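Asker: Position chain B against the provided structure of chain A, taking the given hints into account.
Protein chains: 2
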Amino acid sequence: MASAQALGALGAAVRQFRQERGWTQEELAEAAGLHMTYVSDLERGSRSPGLAIQKRLADTLGVKVWEIFRIAEGE
Amino acid sequence: MASAQALGALGAAVRQFRQERGWTQEELAEAAGLHMTYVSDLERGSRSPGLAIQKRLADTLGVKVWEIFRIAEGE
Chain A
1 MASAQALGAL GAAVRQFRQE RGWTQEELAE AAGLHMTYVS DLERGSRSPG LAIQKRLADT
61 LGVKVWEIFR IAEGE
Chain B
101 MASAQALGAL GAAVRQFRQE RGWTQEELAE AAGLHMTYVS DLERGSRSPG LAIQKRLADT
161 LGVKVWEIFR IAEGE
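Chains as they are written, first to last, in the working numbering: chain A, 1 to 75; chain B, 101 to 175.
If we strip away everything but chain A, and leave its shape as in the complex, we get:
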C-alpha cells in the first residue's frame, strides 16, 4: 500500500485535471468507464489505482500519466 500522503496527492492531481475540464466526478467516471464511487474514493486518496487505471484516467483527461504524477509530486 502506498503512503496516505502519496495517495492523497495523486487523488488531488486527478481532481485538479478534472476540475480544469469542468467535469463532475460522474462525468469523469462515465468517460473512463469507472464507477463514480471509485473516482470519488480515488480523489480522496482512499484508493490506490494500478497502472491500468492510471493510464485510463490519463487518457480520458487527455494528459500523460507522468503529467498527473508531476502535479501529485509537486513539480
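Errors might be hidden in some of the hints.
Stated by the list, open to error - Below, in silico cross-link-like pairs of lysine to aspartate or glutamate (DMTMM-like), each with a Cα-Cα straight-line distance of 20 Å or less: (1) A/Lys55 / B/Glu120; (2) B/Lys164 / A/Glu67; (3) B/Lys164 / A/Glu73; (4) B/Lys155 / A/Glu73; (5) B/Lys155 / A/Glu27; (6) B/Lys164 / A/Glu20; (7) B/Lys164 / B/Glu120; (8) B/Lys155 / B/Glu167; (9) A/Lys55 / A/Glu73; (10) B/Lys164 / B/Glu175; (11) A/Lys55 / A/Glu20; (12) B/Lys155 / A/Glu20.
None of these hints come from the bench; they were simulated from the model. Small disclaimer: the values here were computed from a predicted structure and weren't measured.
Answerer: Frame of chain A; chain B shown alone:
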C-alpha cells in the same frame, strides 16, 4: 491490467535508470526491498507495479515517479 506496451515501456524506463546508475537487477532489488525475480519481471514488462512499488523504485533510484513515467511515455 495495463496494456503490454505500457508495461513494457515502464519496465524499460526502470531498466534505463538502473543501468545509468551501474546497478545490477540484484542490487536494485536489494536496495528497494524487492525480490530479484520481481525486478527482472518488471523490467521485462510482465509485472504491473502498484503505486507503492512505483514509489519505492523511484525513491531507490533517486528520481520521482513522474520522471520514470515521462521516460516510459517517450517524452
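Asker: Next, verify each hint and record whether it holds.
Answerer: Here's how the hints hold up against the structure:
Taken as a hint, the lysine 55 of chain A and glutamate 120 of chain B pair is broken in the structure, with Cα atoms around 26 Å apart against an allowance of 20 Å. With a CA separation close to 12 Å, the supplied pair lysine 164 of chain B and glutamate 67 of chain A stays within the 20 Å bound. A hinted pair counts as satisfied when its Cα atoms are at most 20 Å apart, and lysine 164 of chain B with glutamate 73 of chain A qualifies at roughly 7 Å. In summary, the hint linking lysine 155 of chain B to glutamate 73 of chain A is supported, as the alpha carbons are separated by about 11 Å, within the 20 Å threshold.
Taking the CA atoms of lysine 155 of chain B and glutamate 27 of chain A, the gap is about 29 Å. The hint is violated against a cut of 20 Å. Straight-line distance between C-alpha atoms of lysine 164 of chain B and glutamate 20 of chain A comes to about 24 Å, which puts the hinted pair past the 20 Å bound. Pair hint lysine 164 of chain B plus glutamate 120 of chain B holds up; C-alpha atoms about 15 Å apart against a cutoff of 20 Å. Pair hint lysine 155 of chain B plus glutamate 167 of chain B holds up; C-alpha atoms about 11 Å apart against a cutoff of 20 Å.
In summary, the hint linking lysine 55 of chain A to glutamate 73 of chain A is supported, as the alpha carbons are separated by about 17 Å, within the 20 Å threshold. Distance hint between lysine 164 of chain B and glutamate 175 of chain B is fulfilled; the C-alpha atoms sit about 15 Å from each other, no more than 20 Å. Proposed proximity of lysine 55 of chain A and glutamate 20 of chain A is supported: the alpha carbons are some 19 Å apart, at most 20 Å. For the given pair, lysine 155 of chain B sits about 26 Å from glutamate 20 of chain A by alpha-carbon distance, which is inconsistent with the 20 Å threshold.
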